[in-house]
Structures are given as structure tokens and as C-alpha cells.
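Quick note, the sequences are listed as chains A and B, same order. Following the numbering used here, the numbering of the first sequence begins with 1 at its first residue and continues without gaps. Following the numbering used here, the numbering of the second sequence begins with 348 at its first residue and continues without gaps.
These are computed hints drawn from the structure, not numbers from a lab. One or more hints might be untrue.
[What the hints assert, rightly or not] Simulated crosslink set (SDA-like; lysine to any residue; CA at most 20 angstroms straight-line): (1) A:LYS224 <-> A:ASP155; (2) A:LYS284 <-> B:GLN412; (3) A:LYS284 <-> A:LYS315; (4) A:LYS224 <-> B:GLN518.
[As the list claims (entries may be wrong)] Taking CB as the label site, the calculated pair distances span: (5) A:LYS324 <-> B:GLU416: 25 to 31 angstroms; (6) A:GLY305 <-> B:GLU416: 41 to 47 angstroms; (7) B:VAL371 <-> A:ASP23: 38 to 44 angstroms; (8) A:ASP202 <-> B:GLU639: 54 to 60 angstroms; (9) B:ILE378 <-> A:GLY305: 58 to 64 angstroms; (10) A:LYS192 <-> B:ASP546: 23 to 29 angstroms; (11) B:PRO625 <-> A:LYS192: 51 to 57 angstroms; (12) A:GLU26 <-> B:THR635: 50 to 56 angstroms; (13) A:GLU90 <-> B:ALA555: 23 to 29 angstroms; (14) B:ASN352 <-> A:ASP202: 19 to 25 angstroms.
Don't be surprised by glycine CBs; every beta carbon is placed ideally from N, CA and C.
Now for the letters of each chain:
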Amino acid sequence: MNLPISYTGKGERTNVPLKGAWDKQEPYIPAPSLVDAVNTALYLRRPLLLEGEPGGGKTRLAFSVAYELGYPLYECYIRSTSRAQDLLYEYDALGRLYDIQEAKAAGSSGEGIPRKNYVTYGGLGQAIIRSANESIPSVVLIDEIDKADIDFPNDLLWELDRLKFEVKEVSVKKDPSKSNNSGEGTETEYLKYDAFQGKERDEGRSPFLPLIIVTSNREKELPKPFLRRCLFYYIEFPEKEELVNILTNRFKASNQKIAQQQNELFGVAVERFWELRSKDLHKKPGVSEFLDWVRILKSNEKKIGNYVKDLKDGKLPYPETLIKNQTDYITLFSRTNSDSKMSSDND
Amino acid sequence: MTDLNDSLLALFEELRRKGVPLGVSEYLDTIALIQAGFGLSSEDSQVKDKDNFKQLLQLLWTKSQEDQELFDELFDNQFQQFFIDIEERAKEKEGDGGDRGGKEVIKTPSQKIPPIGLVDPPVTPHSVSSEGEKTSQGKGEEQPVILPPLKPPQKRSDRTIAPRHYQLIPQFPMSQRDMAGAWRQLRRPQRVGVPEELDVDATIDSFARSGFLIRPVLRPRRRNLSRLVVLVDRQGSMTPFHPWIDTAIESIIRGGLLGRVSFYYFHDCPEIFLYRHPNLTGTLLLETVLAEQVMGSSVLIISDAGAAQGYFDSLRVSDTKEFLHKLHSHTYLYAWVNPMPKKRWVATTAEDIARLVPMFPLDREGLNDAVNILRGQPFPVGVGLNEPN
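Given these sequences and hints, build the entire structure.
Rendered as C-alpha cells:
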């Protein structure tokens with residue numbers, strides 16, 4: 001298939017970066033099926049819903065895709081109090097009231113600042129605006145959607161589907177700088193943004209639409225209508241060989257000797273990590289914890305040899321990066337109390 | 348193309364029937380994608396083709412890991428024959444040295460691949476039956492008309508037949524997703540906590556009264572204040588329902604109340620103790636739980652109420668009545684969900700208990716009704732502790 005834009009997952013720029021593109025290269029190795037999934041999502045421009053273990057690289061994918069395609073990236077991190085509206089825009093009514101008050105006190109006619117200036121756009125809002133005004137596509141990351149209130153995904157359905165929104169606080173028909181509320185008709189036109197520019201889904205707008213990547217830890221069952229619109233991909237935990245690949249890709253060695261040392265460390269570390277994950281732990285360490293752990297191990301070049309030996313002896317240096325739970329500490333270390341590092345690392 | 352369409356549609360309908368949220372637009376998107384060359388285009392080996400195709404459908408037509416397991420089974424069932432046939436045809440064509448792109452094979456109109464999922468040869472039953480009528484008419488009208496078989500006898504050709512698959516994934520009368528949808532209705536939004544949201548109306552009101560802005564009026568954000576205590580009957584007559592009840596419990600956890608749900612277990616009827624764990628260990632005094640957890644929250648009881656035993660037990664009714672009196676003094680938001688179907692409650696303990704407490708079968712309507720009671724709707728007529736029974 002020949003797609004105008006496609007994601008390869010190789011970490012190389014495939015496109016001329018667009019204005020305001022995400023510029024940080026992301027060392028990320030996706031599974032081939034995930035690459036296909038991203039390309040399908042790009043073709044359809046439907047939201048891609050990612051699930052998987054915590055620390056499995058759900059969030060990082062968005063960065064990698066944005067870099068490779070040369071798209072701008074808009075991030076929306078969801079909190080428990082997030083509302084769907086916040087992703088589009090926020091209107092600072094309070095700031096405006098204060099400004100009017102101040103202007104009055106200063107003796108001027110008031111309302112000198114147009115209403116538009118009080119609008120702050122959220123990630124999804126900005127992406128839709130870019131798409132609507134400049135025909136620049138982007139990657140929108142909606143991270144951990146399951147953290148929000150139950151209604152959140154349902155409130156977002158329309159915007160995700162139609163990719164347009166209105167700013168209800170700002171009307172555009174009348175000149176906002178001279179507006180006084182008297183004598184206006186009932187007809188009001190709000191400030192509007194439409195990524196489709198009034199066209200239908202299959203009328204050729206799709207290369208300019210934002211690609212939306214949604215991640216979820218599955219703390220909540222997402223509502224059916226929301227799921228229906230998404231493409232679903234479950235990120236499997238990487239295999240041993242992939243882990244080694246990820247490591248060599250992430251940590252480039254400065255010279256031959258260090259590279260050799262590192263490779264030895266990587267091999268042993270992956271083995272040890274794999275063994276750890278096969279144990280019956282409450283919270284299995286994820287890829288991001290693993291990367292942190294290896295980063296510490298390799299931080300001191302002189303000590304790499306010692307750590308390799310430690311790992312081979314079945315010791316676990318810096319357990320605090322991997323084990324996040326008291327019970328897991330006990331299951332791991334009470335049986336093998338030979339580990340002397342434990343006492344110093346754990347409080 | 349007909350075969351592919353049939354198989355796709357069959358798989359799609361099966362997934363929909365199993366509760367995967369899919370609509371016509373998802374189906375059309377899939378067709379558009381296949382036509383655009385996704386999934387079936389590669390001219391590599393057929394094996395890779397199959398994997399790609401499966402991956403594509405999985406991406407579009409599954410919405411959770413459970414769906415994916417289900418999909419695996421159904422896909423193999425539906426498409427194994429299809430791909431075996433493609434492979435064989437490809438081999439035949441290889442002999443001719445003809446064009447054998449994956450797409451080409453599917454599109455060939457003169458194909459002999461039977462509809463996927465059926466082993467019958469592509470003879471329509473209609474033509475067979477008319478033939479049968481002709482022969483019977485020819486022999487005279489008095490003779491009893493021998494009805495032709497609805498399906499022609501199976502004719503196995505020499506081509507490879509895909510092995511049969513058995514689907515061993517448990518299917519419940521109501522999917523976890525649907526149950527979670529019902530729980531989502533259980534909400535009591537109230538404004539509590541730190542005032543952080545601007546109350547525009549109140550601020551403008553104060554502005555209008557005083558002529559100038561003294562200070563903005565803030566109000567707390569809306570939060571879902573529902574609390575749910577679930578009491579689950581375990582073991583004995585409930586044993587066969589355990590997997591289903593576990594799914595129901597999972598759906599409550601995922602339903603969106605987040606941390607404001609607690610589960611306690613009992614056997615037959617909560618008397619003096621409740622248990623913290625499903626295997627009835629970790630004893631807690633019923634009084635303590637009622638006083639600490641139940642005050643003002645919604646209480647859901649999951650039990651067959653003796654319907655599974657199938658007889659009447661007056662002792663159990665009076666025990667349950669006693670428990671309900673205790674419960675009633677702490678909250679009036681309680682409902683009972685019974686995994687046995689309603690018609691099996693008749694003439695058992697459950698029938699009597701259902702007069703004391705709003706009891707619903709564990710199905711879509713029942714669960715919605717139960718959630719409505721938990722939200723504060725009045726009990727149905729004739730149900731309640733103080734009703735004359």
C-alpha cells in the first residue's frame with residue numbers, strides 16, 4: 001500500500017516537519033503490529049486507544065509518532081477533576097470581570113479588551129484550530145483517560161467524532177471591541193473551529209486532521225459509544241530480545257570498550273529482570289522502571305563490571321527502582337536474605 | 348468477493364452478538380481499508396497475509412483484551428477454511444504459472460470456494476427441493492410426499508478441511524461491559540470540597556447588587572458521592588454462579604465509582620458475621636460493618652435467596668427479615684440481585700424474601716431497576732419490610 005504519510009517506527013524523520021512540529025527524537029521501538037495499527041489510525045484518522053501494563057510505553061508512542069511524522073504534538077494529561085470542556089478551551093470569566101472593574105476604576109469606558117483574549121485553548125482545542133485554520137495535522141495525546149470522571153469520555157464523543165467546537169463565550173457577529181449588549185438581535189454566532197472545514201469525513205480532509213492517541217490503564221470500563229469509535233490496541237510486554245534492542249537503542253555507548261561492557265550488562269540485566277517479572281509480585285516492574293534501573297547500573301562506568309558480577313550472583317542492586325511495594329520486598333528478600341544491599345536501600 | 352463478504356459479515360455479527368460495541372460505520376471502514384489495500388494486499392507468503400488481515404480486524408473490531416480472546420476463537424473458526432482455500436488455489440495457480448497476488452485470488456469470479464463456515468457444496472437448497480417435488484409428482488399424487496432434506500447431504504471434496512474449534516470462553520447472560528454501563532448510572536453528584544470553581548451566576552448577581560466586584564463567588568466542583576456496599580452470598584447453592592458473580596463484581600469495580608465500593612461476603616444470610624474475603628475468611632461483626640460502612644450508602648445484596656435450592660425455608664425467611672430490619676435502620680437505599688431467573692423464585696424462599704426487599708434478576712432490566720432503587724427511587728408497590736405480607 002502506498003500511503004501519503006506512514007509511520008515506520010524506526011525513529012527517523014520520514015516527513016518534512018510541519019510548522020511547530022515536535023522536535024525531540026524519541027528512542028522508541030514499537031512492535032510491527034503497533035506500527036500497522038498507527039498507520040491504520042492515520043488512514044482513518046480515528047482515535048487509537050492504547051491499553052497495556054503501566055510503564056509499557058503507551059504514552060511514549062505519541063511522542064515517537066509525532067517526531068517521525070514531523071507533526072506538532074498536543075498533550076492532554078487527564079486528572080480526576082478534568083472535564084471534557086477543558087481539553088477544548090477555558091474561559092477566564094474572572095479575569096475579565098477584574099479587568100472591567102479596573103478599567104472602570106481608572107475611568108475608561110470599560111471592556112477594552114476583546115473577549116477572545118480570555119480564552120485559553122486546551123490540547124485538543126489547539127489541534128483542531130491548527131487543522132481548521134492552517135490545515136496542519138497534529139498528534140493529540142489524551143493520557144490516562146480512565147482517571148477522569150465517568151462522564152468524561154461520553155462528553156468528548158461529539159468533539160472526537162466531528163472535530164469541531166464552539167467557544168460559547170465569544171460571539172463573532174458583532175464587533176467584540178464595540179459590543180454593548182443593548183439592541184442586539186437574538187441571532188448569535190459563536191467563535192467556531194471546524195477541522196473538517198464543513199466537509200464530510202470522506203471528502204479529502206483526512207490528511208489534515210489530528211491523529212488522536214488515547215491511553216488507558218483500565219481502571220474504569222470505558223463507555224460503549226466511546227469504544228465503538230476507537231481503534232483498540234493492547235501493548236504487550238516486550239520479549240527478551242526486544243528488551244535488549246530497546247536498551248541498545250536507548251543507551252548509545254561513546255566508545256568500543258564501554259559498548260562491550262554495556263552489552264554484557266544489558267544481557268545479564270535483562271535475564272535478571274525477566275526472572276523478577278516471573279515471580280509472583282503485586283506490582284510487576286514495567287519497561288520504564290527497567291530503563292531507570294539500567295540507567296543507574298551503567299551510570300558509573302568503573303562499576304559496571306561489579307554489577308555484572310552481582311547480577312550473576314543473584315543479587316539485586318538498586319531494588320528501589322524496580323520494587324514499589326512493601327509486600328513485594330518481603331516476598332523477594334525474606335527468602336533470599338543473603339542480599340546485604342537490602343538493609344541500606346530500604347527504609 | 349462474495350465469500351470474503353459473507354465471512355466478514357458473519358464474524359462481525361457474531362462479535363456484535365457477543366456484546367462488542369460495533370456499528371455500521373466500523374464495518375464500512377473495514378471494507379474501505381481492505382479496498383485501500385490494508386490487510387490483504389501483501390504479495391508475500393499467505394501466512395503473513397493471514398496475520399496482517401487478522402491484526403487489522405482485531406484493531407478495528409475488538410475493544411478490550413477479553414474481546415481479543417473472543418475474536419481469536421471466532422476468527423480462526425470463520426477464516427481458517429478461507430485461508431486454506433486461498434493457499435490451495437495459489438498452489439494450483441503456481442502450477443499454471445499464472446498471476447497469484449492475494450487480492451487477485453479473492454476477486455476471481457470463477458472461484459469454487461464455498462461460503463466460509465458452511466461445509467455444504469455451493470448448491471442452493473431451493474433447486475434441490477424443486478427437483479424432489481418433481482420426482483414425487485411423477486409417481487402419483489396418492490403417494491405421501493417425501494420431504495426433501497432441508498440441507499443436501501454433505502459432500503466432502505478432497506480439499507483440506509479446517510479442524511473444528513470449540514469456544515471455551517465463558518459467556519454470561521450479560522457482558523461485563525453492559526453491567527459496568529448499568530453501574531455508571533449510580534451517581535449522586537454533589538458539590539463538596541474546596542470552593543475552586545467560579546460560580547458565574549452568583550458572581551454576576553453580587554456584581555449587580557453592589558455595582559462593583561467585591562470578590563468572586565466560588566463553589567466546589569461536582570463530585571460523585573455515591574458509595575456502594577456489596578454483600579455477596581458465597582458457597583453452597585451459590586457455587587455454580589461464582590464465575591458469573593465474579594464478573595459482576597469486576598464490573599462494579601470498573602463501573603467508575605473508584606474506591607468508594609466495598610465488598611463483604613456471607614453464606615445464605617448475613618446473621619452475626621460478615622466476611623472480608625470471598626472464601627468466607629476474615630470475620631467482621633455485621634453490626635460494625637453496618638455502623639461504619641453502610642450509614643447512608645447504597646447496599647446491594649447478591650444472593651439466590653434460596654431460589655437455587657428450590658424449596659421454602661421459613662427459618663431463612665425470618666433470618667433474612669431480621670437482617671433487613673437491621674439494614675433498614677442504617678440506610679434505605681438497598682436492593683437485592685438474584686442470579687436465578689425470576690420464574691424459578693416461585694414457591695421458594697426467594698418468593699417470600701422478594702416481598703420484603705426489592706429483588707431483581709441479574710439481567711439488563713433487572714440490574715437497571717436495582718440501580719434505580721439504589722439511587723433512591725421508591726420501592727415497587729407491595730414490597731417492603733412494613734408491608735403486610
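Quiz prompt | Consistency of beta-carbon spacing, ASP546 (chain B) to LYS192 (chain A), with hint 23 to 29 angstroms | solution = Roughly 27 angstroms apart at Cβ, these two residues keep to the hinted range, so it holds.
Exercise. Determine whether the Cβ-Cβ distance between GLU90 (chain A) and ALA555 (chain B) falls within the hinted range of 23 to 29 angstroms.
Key: With a Cβ separation near 24 angstroms, GLU90 (chain A) and ALA555 (chain B) satisfy 23 to 29 angstroms, so the hint holds.
Exercise. Take a quick look at whether LYS224 (chain A) and GLN518 (chain B) sit within 20 angstroms of each other, Cα to Cα.
Key: The hint holds at about 18 angstroms.
Exercise. For the pair we were handed, LYS284 (chain A) and GLN412 (chain B), check the Cα-Cα distance against 20 angstroms.
Key: Given that 20 angstroms is the threshold and the Cα spacing comes to 19 angstroms, the pair holds.
Quiz item: How does the Cβ-Cβ distance of ILE378 (chain B) and GLY305 (chain A) compare with 58 to 64 angstroms: does it lie in that range?
Solution: Once the Cβ atoms are compared, 59 angstroms apart, the range 58 to 64 angstroms for GLY305 (chain A) and ILE378 (chain B) holds.
Quiz item: Does the Cβ-Cβ separation between ASP202 (chain A) and GLU639 (chain B) fall within 54 to 60 angstroms?
Solution: The hinted range 54 to 60 angstroms holds for ASP202 (chain A) and GLU639 (chain B), with Cβ atoms some 58 angstroms apart.
Practice problem: State, for the Cβ atoms of ASN352 (chain B) and ASP202 (chain A), whether the hinted interval 19 to 25 angstroms holds or is violated. | Solution: holds, 20 angstroms
Self-check item: Hint consistency between LYS284 (chain A) and LYS315 (chain A) [alpha-carbon to alpha-carbon, up to 20 angstroms]
Solution: OK: LYS284 (chain A) and LYS315 (chain A) at ~18 angstroms, within 20 angstroms.
Quiz item: Does 41 to 47 angstroms hold as the CB distance between GLY305 (chain A) and GLU416 (chain B), or does it fail?
Solution: 45 angstroms Cβ-Cβ, so the 41 to 47 angstroms window holds.
Quiz prompt | Proposed proximity, ASP155 (chain A) with LYS224 (chain A) (alpha carbon, max 20 angstroms) | solution = Judged against 20 angstroms, a Cα distance of about 13 angstroms means the pair holds.
Exercise. Starting from the range 38 to 44 angstroms, see whether the pair VAL371 (chain B) and ASP23 (chain A) falls in it by beta-carbon distance.
Key: Given about 41 angstroms between the Cβ atoms, the range holds.
Quiz item: Lying within 25 to 31 angstroms: is that true of the beta-carbon distance LYS324 (chain A) to GLU416 (chain B)?
Solution: holds, 29 angstroms
Hint compliance for this structure: every hint is met.
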